[in-house]
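Asker: Kindly generate the complete structure, drawing on both the sequences and the hints.
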Amino acid sequence: MVAIIKYNAGNITSVQNALQRLGAESIVTDDPRAILNADRVIFPGVGEASNAMRYLRSKNMDITIKKIKKPFLGICLGLQLMCKHSEEGNTACLGIFDAKVKRFSPDLKVPHMGWNNLSESKGKILKGINTEDNLYYVHSYYAELCQSTIGICDYIVPFSAAIQKENYYGTQFHPEKSAKVGIKILQNFLKL
Amino acid sequence: MLKKRIIPCLDIDKGRTVKGVNFRALKDMGDPTELAKYYVTQGADELVFLDISATLENRTTLLNLAKKIAEQIDIPFTVGGGISSLHQVEDLLSAGADKISINSAAIKNPNLINEIAKSFGSQFVVVAVDTKCIQDKATVFSQGGRSLTDLDTSSWCQEIAQRGAGEILLTSIDADGTRKGFDINTIQKISSLVNIPVIASGGAGNKEHFSTLFHFTESTGALAASIFHDQQLSIPLLKQFLNNQNIPIRCQ
Chain A
310 MVAIIKYNAG NITSVQNALQ RLGAESIVTD DPRAILNADR VIFPGVGEAS NAMRYLRSKN
370 MDITIKKIKK PFLGICLGLQ LMCKHSEEGN TACLGIFDAK VKRFSPDLKV PHMGWNNLSE
430 SKGKILKGIN TEDNLYYVHS YYAELCQSTI GICDYIVPFS AAIQKENYYG TQFHPEKSAK
490 VGIKILQNFL KL
Chain B
197 MLKKRIIPCL DIDKGRTVKG VNFRALKDMG DPTELAKYYV TQGADELVFL DISATLENRT
257 TLLNLAKKIA EQIDIPFTVG GGISSLHQVE DLLSAGADKI SINSAAIKNP NLINEIAKSF
317 GSQFVVVAVD TKCIQDKATV FSQGGRSLTD LDTSSWCQEI AQRGAGEILL TSIDADGTRK
377 GFDINTIQKI SSLVNIPVIA SGGAGNKEHF STLFHFTEST GALAASIFHD QQLSIPLLKQ
437 FLNNQNIPIR CQ
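Sequence order for the protein chains is A and B.
Oh and the first sequence: position 99 is 408 in this note's numbering, straight run, nothing missing.
Oh and the second sequence: position 127 is 323 in this note's numbering, straight run, nothing missing.
Everything labelled a hint here was simulated from the structure, so no lab data went into it.
Possibly wrong hints are sitting among the right ones.
[Stated by the list, open to error] Okay, derived cross-link-like pairs now, DSBU-like style, lysine-lysine, Cα gap no bigger than 30 Å in a straight line:
no.: 1; chain 1: A; residue 1: K411; chain 2: B; residue 2: K314
no.: 2; chain 1: A; residue 1: K436; chain 2: B; residue 2: K233
no.: 3; chain 1: A; residue 1: K489; chain 2: B; residue 2: K233
no.: 4; chain 1: B; residue 1: K263; chain 2: A; residue 2: K493
no.: 5; chain 1: B; residue 1: K314; chain 2: A; residue 2: K315
[Stated by the list, open to error] Where chain A lies over chain B, by a calculated footprint (3+ residues, C-beta under 8 Å):
no.: 6; segment: 265-274
no.: 7; segment: 312-325
Heads up, the beta-carbon is just placed ideally off N, CA and C, and yes, glycines get one too.
Answerer: See the structure below:
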């Protein structure tokens, strides 16, 4: 059973649909017990960091998330909220990854929207993904490179496209929206 | 490197796909879900569904279609047509839409752009702009291209970006349905003016039109309908061609 964390950020339905297409059972929940009992947890999200963190704290979800021992995947805003701090709304985040989230400088179009490849990748979740494969991104803020970075994407600057620390994984791209390549990554996650 | 996006647009009327020629003469093009799945296998980078009857007939929801599409495809899609309230936007987001596109409602109430961006994030708001040259000046039209407004296209697009939209979908009414190529002048002007992605629409008639667009403008994607729907140009061939022209493109 995969628990998808319910909070005030979008894209939850897309993740649910993707899991359903892969034949994985999922529930969308904000109940700490259900989340801690699940085999895997997905923390999706499209939205604004300070509102999302405020909501998570109001539900004590920040504490629940840090207790999880099972494979945990944050997507897009989910990854950013797992970092230390976000420039978006000057928000203190969960601090799982030792990285700051910054806004792209306006040297190119912002948001970074569309398909982009990884210049470097490693780790179980990115197994079978090569540098020519493209993944779908849509974001105006990015997590800087850090010790936990396992996938690098280049747009204006090189940034953390994928991060991992112990059982916590994060992807800035949307595997649920990245056609076959994304499916492979979700399958890798389901096999962890 | 970020790839240029190829985006088939499915115009929807009464739940069916239609194509528009200068926004008027309509021809049935089939079932939107089937067509959408076909385009995903062909390598479309994104899909846009526009309910062209919604604004005109005051139909206010694309919910059922959005749900059906979201269940079946695994690339991003935008829905638009008759969206005018935050409530509708929220419903579409929960239905699984990745972005919503607003047009006439944003002209009538520009603050809607700020409200959607604030509530759901900029990336969720696409503002569609229909433009036409009136006395050598690019001017905005509303109501599916029927009503002339007093908005200058450049200043309207700048305002859209300032208000927090994530993307502009720029349709040239002059070029739309002609198959004589994109409106390069207008698209270049707008795409170099604003710092958000601009998707070009209207006039695609052959593969060279797409390479011209990407060589001479800063648009980050190209949207087309009839040229794909009637299979005059296949997406894999188009992408191969663009790739050979050194345009960054996602090939499967």
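Asker: Sort out which numbered hints this structure fails and list those numbers smallest first.
Answerer: When the structure is compared with the hints, none of them turns out to be violated.
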